[in-house]
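Make the full structure from the sequences, and use the hints.
The primary structure of each chain is shown beneath.
Protein chains: 2
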Amino acid sequence: MTIKDRFYDYIQELQDSITSTLEAIDSQVQFQEDLWERAEGGGGRTRVIENGAVFEKGGVNISAVHGALPKSMQTYFGVTDADFFACGLSLVIHPKNPFVPTVHANWRYFEMYDKQGNIVDQWFGGGQDLTPYYLFEEDAQHFHSVCKRACDAHDPEFHGHYKKRCDEYFWNTHRNEARGVGGLFFDYLKASEKRSMEDWYVFVTEVGNSFLEAYVPIVHKRRAMDYTKEQRNWQEIRRGRYVEFNLVHDKGTLFGLRTNGRIESILMSLPPHVQWKYDHHPESGSDEEKLLAVLKHPKEWV
Amino acid sequence: MTIKDRFYDYIQELQDSITSTLEAIDSQVQFQEDLWERAEGGGGRTRVIENGAVFEKGGVNISAVHGALPKSMQTYFGVTDADFFACGLSLVIHPKNPFVPTVHANWRYFEMYDKQGNIVDQWFGGGQDLTPYYLFEEDAQHFHSVCKRACDAHDPEFHGHYKKRCDEYFWNTHRNEARGVGGLFFDYLKASEKRSMEDWYVFVTEVGNSFLEAYVPIVHKRRAMDYTKEQRNWQEIRRGRYVEFNLVHDKGTLFGLRTNGRIESILMSLPPHVQWKYDHHPESGSDEEKLLAVLKHPKEWV
Chain L
0 MTIKDRFYDY IQELQDSITS TLEAIDSQVQ FQEDLWERAE GGGGRTRVIE
50 NGAVFEKGGV NISAVHGALP KSMQTYFGVT DADFFACGLS LVIHPKNPFV
100 PTVHANWRYF EMYDKQGNIV DQWFGGGQDL TPYYLFEEDA QHFHSVCKRA
150 CDAHDPEFHG HYKKRCDEYF WNTHRNEARG VGGLFFDYLK ASEKRSMEDW
200 YVFVTEVGNS FLEAYVPIVH KRRAMDYTKE QRNWQEIRRG RYVEFNLVHD
250 KGTLFGLRTN GRIESILMSL PPHVQWKYDH HPESGSDEEK LLAVLKHPKE
300 WV
Chain A
0 MTIKDRFYDY IQELQDSITS TLEAIDSQVQ FQEDLWERAE GGGGRTRVIE
50 NGAVFEKGGV NISAVHGALP KSMQTYFGVT DADFFACGLS LVIHPKNPFV
100 PTVHANWRYF EMYDKQGNIV DQWFGGGQDL TPYYLFEEDA QHFHSVCKRA
150 CDAHDPEFHG HYKKRCDEYF WNTHRNEARG VGGLFFDYLK ASEKRSMEDW
200 YVFVTEVGNS FLEAYVPIVH KRRAMDYTKE QRNWQEIRRG RYVEFNLVHD
250 KGTLFGLRTN GRIESILMSL PPHVQWKYDH HPESGSDEEK LLAVLKHPKE
300 WV
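In order, the protein sequence lines correspond to chains L and A.
Going by numbering that gives the first Met the number 0, the first sequence opens with residue 0, and the numbers climb by one from there.
Going by numbering that gives the first Met the number 0, the second sequence opens with residue 0, and the numbers climb by one from there.
Some hints could be false.
All copies of an identical chain are treated as equivalent in the list; a pair is satisfied when it fits inside any one copy or across any two copies.
[Unchecked claim] Only pairs whose alpha carbons sit at most 25 Å apart, straight line, appear in this in silico DSS-like list of lysine-lysine:
1) 189 <-> 298
2) 95 <-> 163
3) 228 <-> 276
4) 189 <-> 250
5) 276 <-> 289
6) 163 <-> 193
7) 228 <-> 95
8) 295 <-> 163
9) 250 <-> 70
10) 276 <-> 95
For the record, the hints were derived by calculation from the structure and aren't laboratory data.
No experiment lies behind these values; they were computed from the predicted model shown.
Next up, the structure:
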């Protein structure tokens, strides 16, 4: 089997495993599935959960699309006429309890072909990152340590490198702060003298396999904590920053919106309830301010 | 007095008149004022109202900035090294009651100078547009008829032209629908054989003067209407589309975010409480669906 077919099988299985695990945790609601087709080739399987006991809104989506490379992607990749195949899993989970962090992950594979159908370029990309509303250092440490273990199995330099790229990528420039406490981000993982595509396949799927271990223990630990109306307000205000990042800066989101992607699958990442207050600043010395301090200056967690 | 000085005086007075009128309507809360300075030259007077009896959130802001034309603006205008002056009033009002529409307006003036300080280019821009959550045809007709009257006093072709430009500009391409029911939009109003800058000054200030007449009667008519939790939810979902437009498509917002503008003044346009639901569709034949039908196919109101 080609890497492409194996990876597509992999993300289908991973989607099943993630959605069934999250459903078992929530117990109140299940994911609703939408199958969709792309007119130019391919399609996807969108699974969305809403109004759960634990998960207020979330999506765990896979897609596999192919065909002629759209004009906007030609410009983006600096190539002319070409065909492509892309598949991936994208997930965003917005829990109800403000002490449970939002999580995002994505693992994707891309192939580009010449007119004879030969592969002329291919790469993996993705990562996973955590966006808490209240900072529990042990949670950030846990998430990052699972990420680090997945990286360390392949190269001792991976974790430092991809952790830094994550902090850089999820930077809300117009707010001068990070979206969350980071995790891993990698892109254009291509074959080199040092590593084959097979090596990258093993690495990316290892990161994918680590996701539930990185996130689920945090959900269990925080899901039953009591919270106040004010803490919920803070969560909704911070979700506003999440929206700002995704709509203003996130390359994947903007790309989807400009290339006639399936809008509802792309924008499933937006939180269910969001607030914007004018010039809001948390009280000095508060827990809310402690979170901001870390977002302003990303730190090493492990 | 130069046009620049007269227009800056004008927007200061207009800000006073609009904020005092809206305060009198709300009666519960007042605008809070923030004066701010721009490091590179100029500054602004931001006035924000929050948690009122009628107005849930809104800003009526003026600014006057000047200095060397920032790199990003050089690229945008296709000029090299130049100095500039820009001033304007921007307002967005998000009422609490879902039957009272959101309104946006902006009137601005721009000058560009060579190194000797001579004006090498100058223009007016702006407009005003209405975003209802429930469609009352008489309200849309009233708003547009006031806009038309302001236009007709100057040129019988203005209203048709600037109404169409408004429908085009406030088009949420990724949703394939209008942000609201439109109004007026104009830009790069420059001196020509037919019209002097003085003529444009008179036109733009006439539109500015028409704003309260266009909007306030609608507020009075709808502010005390009873509404349900479901109608409020619909308002918050539609506000999500407002956020999407402003963060993904609105040139002014993106420009401000990229040129290190005063973020809180720019993002005062974002609504206070917003919802995103996955793949939401109103019931067939409902009032919510009637609004969508008009947003999909902008119509002539007068």
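Each hint tested on the structure:
no. : hint        : in the structure
1   : 189 <-> 298 : neither (29 Å within a copy, 52 Å between copies)
2   : 95 <-> 163  : neither (29 Å within a copy, 43 Å between copies)
3   : 228 <-> 276 : both (15 Å within a copy, 21 Å between copies)
4   : 189 <-> 250 : within (20 Å within a copy, 36 Å between copies)
5   : 276 <-> 289 : within (19 Å within a copy, 31 Å between copies)
6   : 163 <-> 193 : within (21 Å within a copy, 58 Å between copies)
7   : 228 <-> 95  : both (12 Å within a copy, 20 Å between copies)
8   : 295 <-> 163 : within (14 Å within a copy, 44 Å between copies)
9   : 250 <-> 70  : both (16 Å within a copy, 23 Å between copies)
10  : 276 <-> 95  : both (20 Å within a copy, 14 Å between copies)
In terms of the numbered hints stated before, the structure departs from hints 1, 2, listed from lowest to highest.
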